[in-house]
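Each chain, letter by letter, is given below.
2 protein chains.
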Amino acid sequence: MSKEKAPRRPRAETPKGFRDYFGAEVTERKAMLDAIAEVYQLHGFEALETSAVETVEALGKFLPDVDRPNEGVFAWQEEEKDWLALRYDLTAPLARVAAQYRNDLPTPYRRYAMGPVWRNEKPGPGRFRQFYQCDADTVGAPSVAADAEICAMLANALERVGIPRGDYLIKVNNRKVLNGVMEAAGVLDPSDPEKFAHERGIVLRAIDKIDRLGDAGVRALLGEGRKDESGDYTKGAGLSVAQAEVVMGFMAAKREDGAATLAALRDLVASSAIGLEGVQELETIASLLDAQGFGPDRIVIDPSVVRGLGYYTGPVFEAELTFEILDEKGNKRQFGSVAGGGRYDDLVKRFTGQAVPATGVSIGVDRLLAALRAKGRVGAEAPGPVVVTVMDRDRMAEYFAMAADLRNAGIRAEVYLGNPKQFGNQLKYADKRASPVAVIQGTDEAARGVVVLKDLILGARIAQSATLEEWKDRPAQVEIPRDDLVQAVRQMLEG
Amino acid sequence: MSKEKAPRRPRAETPKGFRDYFGAEVTERKAMLDAIAEVYQLHGFEALETSAVETVEALGKFLPDVDRPNEGVFAWQEEEKDWLALRYDLTAPLARVAAQYRNDLPTPYRRYAMGPVWRNEKPGPGRFRQFYQCDADTVGAPSVAADAEICAMLANALERVGIPRGDYLIKVNNRKVLNGVMEAAGVLDPSDPEKFAHERGIVLRAIDKIDRLGDAGVRALLGEGRKDESGDYTKGAGLSVAQAEVVMGFMAAKREDGAATLAALRDLVASSAIGLEGVQELETIASLLDAQGFGPDRIVIDPSVVRGLGYYTGPVFEAELTFEILDEKGNKRQFGSVAGGGRYDDLVKRFTGQAVPATGVSIGVDRLLAALRAKGRVGAEAPGPVVVTVMDRDRMAEYFAMAADLRNAGIRAEVYLGNPKQFGNQLKYADKRASPVAVIQGTDEAARGVVVLKDLILGARIAQSATLEEWKDRPAQVEIPRDDLVQAVRQMLEG
Numbered sequence: 004m005s006k007e008k009a010p011r012r013p014r015a016e017t018p019k020g021f022r023d024y025f026g027a028e029v030t031e032r033k034a035m036l037d038a039i040a041e042v043y044q045l046h047g048f049e050a051l052e053t054s055a056v057e058t059v060e061a062l063g064k065f066l067p068d069v070d071r072p073n074e075g076v077f078a079w080q081e082e083e084k085d086w087l088a089l090r091y092d093l094t095a096p097l098a099r100v101a102a103q104y105r106n107d108l109p110t111p112y113r114r115y116a117m118g119p120v121w122r123n124e125k126p127g128p129g130r131f132r133q134f135y136q137c138d139a140d141t142v143g144a145p146s147v148a149a150d151a152e153i154c155a156m157l158a159n160a161l162e163r164v165g166i167p168r169g170d171y172l173i174k175v176n177n178r179k180v181l182n183g184v185m186e187a188a189g190v191l192d193p194s195d196p197e198k199f200a201h202e203r204g205i206v207l208r209a210i211d212k213i214d215r216l217g218d219a220g221v222r223a224l225l226g227e228g229r230k231d232e233s234g235d236y237t238k239g240a241g242l243s244v245a246q247a248e249v250v251m252g253f254m255a256a257k258r259e260d261g262a263a264t265l266a267a268l269r270d271l272v273a274s275s276a277i278g279l280e281g282v283q284e285l286e287t288i289a290s291l292l293d294a295q296g297f298g299p300d301r302i303v304i305d306p307s308v309v310r311g312l313g314y315y316t317g318p319v320f321e322a323e324l325t326f327e328i329l330d331e332k333g334n335k336r337q338f339g340s341v342a343g344g345g346r347y348d349d350l351v352k353r354f355t356g357q358a359v360p361a362t363g364v365s366i367g368v369d370r371l372l373a374a375l376r377a378k379g380r381v382g383a384e385a386p387g388p389v390v391v392t393v394m395d396r397d398r399m400a401e402y403f404a405m406a407a408d409l410r411n412a413g414i415r416a417e418v419y420l421g422n423p424k425q426f427g428n429q430l431k432y433a434d435k436r437a438s439p440v441a442v443i444q445g446t447d448e449a450a451r452g453v454v455v456l457k458d459l460i461l462g463a464r465i466a467q468s469a470t471l472e473e474w475k476d477r478p479a480q481v482e483i484p485r486d487d488l489v490q491a492v493r494q495m496l497e498g
Numbered sequence: 004m005s006k007e008k009a010p011r012r013p014r015a016e017t018p019k020g021f022r023d024y025f026g027a028e029v030t031e032r033k034a035m036l037d038a039i040a041e042v043y044q045l046h047g048f049e050a051l052e053t054s055a056v057e058t059v060e061a062l063g064k065f066l067p068d069v070d071r072p073n074e075g076v077f078a079w080q081e082e083e084k085d086w087l088a089l090r091y092d093l094t095a096p097l098a099r100v101a102a103q104y105r106n107d108l109p110t111p112y113r114r115y116a117m118g119p120v121w122r123n124e125k126p127g128p129g130r131f132r133q134f135y136q137c138d139a140d141t142v143g144a145p146s147v148a149a150d151a152e153i154c155a156m157l158a159n160a161l162e163r164v165g166i167p168r169g170d171y172l173i174k175v176n177n178r179k180v181l182n183g184v185m186e187a188a189g190v191l192d193p194s195d196p197e198k199f200a201h202e203r204g205i206v207l208r209a210i211d212k213i214d215r216l217g218d219a220g221v222r223a224l225l226g227e228g229r230k231d232e233s234g235d236y237t238k239g240a241g242l243s244v245a246q247a248e249v250v251m252g253f254m255a256a257k258r259e260d261g262a263a264t265l266a267a268l269r270d271l272v273a274s275s276a277i278g279l280e281g282v283q284e285l286e287t288i289a290s291l292l293d294a295q296g297f298g299p300d301r302i303v304i305d306p307s308v309v310r311g312l313g314y315y316t317g318p319v320f321e322a323e324l325t326f327e328i329l330d331e332k333g334n335k336r337q338f339g340s341v342a343g344g345g346r347y348d349d350l351v352k353r354f355t356g357q358a359v360p361a362t363g364v365s366i367g368v369d370r371l372l373a374a375l376r377a378k379g380r381v382g383a384e385a386p387g388p389v390v391v392t393v394m395d396r397d398r399m400a401e402y403f404a405m406a407a408d409l410r411n412a413g414i415r416a417e418v419y420l421g422n423p424k425q426f427g428n429q430l431k432y433a434d435k436r437a438s439p440v441a442v443i444q445g446t447d448e449a450a451r452g453v454v455v456l457k458d459l460i461l462g463a464r465i466a467q468s469a470t471l472e473e474w475k476d477r478p479a480q481v482e483i484p485r486d487d488l489v490q491a492v493r494q495m496l497e498g
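Chains as they are written, first to last, in our numbering: chain A, 4 to 498; chain B, 4 to 498.
Hints listed in this document are in silico derivations from the structure and should not be mistaken for laboratory results.
There may be inaccurate statements among the hints.
If several chains are the same, the list does not tell them apart, and a pair holds so long as it fits within one copy or across any two.
[To be verified] Okay, derived cross-link-like pairs now, BS3-like style, lysine-lysine, Cα gap no bigger than 27 Å in a straight line: (1) K332 x K230; (2) K238 x K212; (3) K352 x K424; (4) K435 x K352; (5) K431 x K352; (6) K212 x K33; (7) K125 x K257; (8) K19 x K352; (9) K335 x K33.
Using the sequences provided together with the hints, build the complete structure.
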């Protein structure tokens with residue numbers, strides 16, 4: 004006799020690299036994004052929401068360091084039609100929008116966008132394949148005044164969500180200066196920018212790793228290459244020692260103040276027109292910001308910032324949080340980068356053939372939220388709802404009416420809707436919900452027109468305390484007239 | 004000589020069936036969802052955000068009426084691993100979450116979720132393949148008190164966003180009653196519910212189309228089948244005329260009040276235990292709602308509502324907007340359904356093998372927003388930012404300082420960042436941005452420490468008006484001291 008096979012049940016699991024967000028994880032992020040949106044709105048930026056799905060050709064291939072053959076995106080083919088993919092950032096869709104609606108949008112077009120993006124990368128601890136970005140960009144403004152505005156607005160946004168002055172620093176650099184340095188070092192021929200794009204890419208990514216690899220590691224990547232701890236070998240940019248020295252000198256060109264840094268950069272790129280143009284742009288940005296009160300305690304020129312993405316063409320910037328946190332090993336370290344961006348004058352051109360200047364910033368939402376949590380700016384446990392317990396199944400309507408009365412007074416409240424047989428389970432439920440107050444009314448109390456309120460916060464404190472002495476004047480449980488329900492609960496909530 | 008081929012440019016287009024949302028389209032939807040979330044929170048519901056991507060097996064196959072072989076989802080296979088797909092609703096992910104975290108979540112678990120879902124359907128006018136849903140569900144509450152709570156909360160949510168009492172009606176029915184009716188008609192054998200699932204599905208979908216097809220159309224679908232206007236033939240459920248008559252009688256069982264409707268239903272299902280259980284549940288729901296003041300002017304028992312989805316097992320509900328709008332042809336018609344839901348006690352069981360009762364509602368976000376727009380509740384054009392124009396490129400810092408002063412006073416403001424050469428373009432830009440005020444300061448004004456404010460709203464009114472008479476006391480342009488900028492702009496904004 005063959006035994007019948009039980010039908011296989013689906014696994015109740017998120018796909019690898021994806022996760023769920025519960026309660027405060029959702030509402031705290033939302034509150035942070037709302038605050039940032041308010042700042043962006045105030046600066047004249049308009050909301051834009053594109054769909055999660057784009058054609059693969061519209062998205063283009065701009066992801067750095069991807070470890071998958073399909074360029075790091077989730078993609079699939081429509082029945083004998085286009086290849087579609089989930090967006091990997093909010094900039095590629097903006098470039099598509101700027102091209103698609105170029106005759107209808109105002110010029111310049113300032114827009115902000117917030118939402119999830121997807122990366123088809125190997126998931127790892129704390130590394131997810133869906134995460135939030137929060138971007139603000141200005142399309143159609145050629146002047147670096149637009150870059151300066153983005154930097155100033157980023158500072159305002161960080162302060163608005165609770166990162167105080169002194170706890171962050173926005174570092175500004177310029178790709179044109181880097182190009183000038185490479186020209187001066189004989190690495191780059193400015194008359195054929197395409198030709199050296201690949202080498203320049205390696206140089207960019209090497210510099211971008213300075214925090215992680217240190218001087219020697221970056222020098223190795225600028226030269227022949229580098230073997231990492233796992234034994235994997237990364238090919239280098241093939242610069243000579245003298246050339247690498249020039250690039251390293253550029254990264255270390257930060258001086259005691261902005262004017263001195265600019266002078267040092269001017270020396271480094273002396274022979275390069277594009278380099279001098281870049282230094283001039285940095286000078287303009289610095290003076291615009293300075294005039295608005297954004298001094299070097301908030302926004303500073305720092306040549307060590309280059310950003311990894313290939314598409315930047317001018318100013319680049321990065322917001323770092325400068326306070327220390329304990330890492331997984333218990334060591335102190337700076338919190339690090341929470342936002343970055345720059346000017347990308349060629350992205351819209353992909354579609355239209357016409358150059359459209361653009362600049363913008365992207366905030367790493369999860370990292371910024373983690374920073375706010377580390378600083379205690381969010382995460383104070385929000386109280387749960389008042390729980391109206393069920394002593395008598397036939398009187399559900401009255402329990403619902405109590406909850407409604409509380410809600411009408413703006414107090415979060417719910418009726419217990421599990422199996423009411425064991426009253427202990429109802430109190431356990433209230434505890435799990437972090438409920439501040441339980442409302443209790445059995446048949447006897449109903450007959451007398453009263454309800455019992457249990458102060459669960461006070462109850463928990465009494466349970467923890469060695470002596471009842473200090474609580475003796477505050478009973479954790481009171482009987483009150485039903486008509487006084489709202490007032491008595493409110494009083495209990497206010498402690 | 005062969006001509007070099009120009010590189011093909013990517014098309015700047017959203018994929019078919021997807022769209023972009025600009026400015027107020029984003030912020031108005033957000034404001035509506037925020038208001039609904041507030042109501043849900045107040046009722047003790049907690050936020051949940053799952054990722055857009057689930058395994059295909061976790062999602063299951065529950066979409067009705069799909070016209071694609073891959074069951075209406077966007078799906079792709081991981082390299083030699085799981086098939087993944089974009090979620091098609093927020094209920095399937097909730098069922099997965101309820102199973103995955105069953106030991107950690109409170110019982111019952113009340114949660115709300117808002118976000119986009121994706122359907123791989125043929126796009127059509129006004130029919131998109133990504134759209135928002137806004138759900139609230141209670142998992143683990145066996146009592147229909149949970150269903151009643153969902154209906155009451157839905158009414159509260161509709162009123163909160165601006166649908167007044169009298170403009171909506173929540174209709175409640177029960178699948179158990181329908182099953183009882185089918186049992187009484189000899190269509191369904193309650194001892195083998197699987198066997199007739201297919202036929203029942205056809206009956207459900209036929210009834211669900213009563214508004215569109217009318218009596219005769221539904222009768223045809225209950226019987227042999229129906230040919231539609233395009234000539235396409237839909238196979239029917241194969242009921243006899245007498246059986247179809249019973250089902251049609253069920254749909255028409257609504258009487259002048261709830262008690263009479265319940266009595267009519269009780270007659271129809273007289274011989275069916277499951278049917279009588281369903282009527283009893285409806286009676287409980289009605290009395291719970293009645294006691295809380297949700298009378299038949301807001302929530303009513305209506306047997307014509309069945310909902311199309313196959314997974315409902317008990318009460319089902321639908322919110323209809325009862326006011327009239329003009330359709331595309333200029334004919335008056337009722338606005339119709341904006342939300343629906345019901346009890347689905349078997350969805351979590353798919354994963355765990357254990358029955359977990361669950362009920363919930365999903366609001367059609369785009370339809371509700373369209374209704375609010377039709378009623379003039381949203382969509383009043385929000386004023387754009389004050390635009391600080393650029394008369395003198397060397398004085399950008401001062402223009403930025405003016406914008407900052409305005410923002411610090413809470414006034415939305417921006418500096419013009421396009422090419423400032425033609426002043427006319429700056430005013431055209433301000434017009435496109437719906438800017439209320441333009442700030443102008445040339446070299447001469449700067450030297451005198453003044454700025455000029457142009458009242459663009461008043462200016463537009465004057466331009467429209469035949470006579471200047473009525474405006475003569477209110478100049479559309481004033482010169483004021485630079486130091487009075489904020490105060491003068493505010494005065495102009497307040498009209």
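Structure-based check of all given hints:
Taking identical chains as interchangeable, the C-alpha atoms of K332 and K230 lie at most 27 Å apart only when both belong to the same chain, with a minimum of 24 Å there against 70 Å between chains. In this assembly of identical chains, K238 and K212 lie within 27 Å of each other by CA distance solely inside one copy; the values are 14 Å within and 64 Å between copies. Taking identical chains as interchangeable, the C-alpha atoms of K352 and K424 lie at most 27 Å apart only when they sit on different chains, with a minimum of 23 Å there against 68 Å within one chain. In the homo-oligomer, the alpha carbons of K435 and K352 lie at most 27 Å apart only across protomers (24 Å), although the nearest pairing inside one protomer, at 55 Å, exceeds that limit.
In this assembly of identical chains, the alpha carbons of K431 and K352 lie at most 27 Å apart only when taken from different copies (25 Å versus 61 Å within one copy). Neither within a single protomer nor between protomers do K212 and K33 lie at most 27 Å apart by alpha-carbon distance, with minima of 31 Å and 39 Å respectively. Taking the shortest alpha-carbon separations for K125 and K257, neither the intra-copy value of 36 Å nor the inter-copy value of 57 Å comes in at or below 27 Å. Taking the closest pair of Cα atoms, K19 and K352 come within 27 Å of each other only across two copies (23 Å); inside a single copy the shortest separation is 36 Å, beyond that limit.
Within a single copy, K335 and K33 get their C-alpha atoms no closer than 29 Å, and across copies no closer than 40 Å, so neither meets the 27 Å cut-off.
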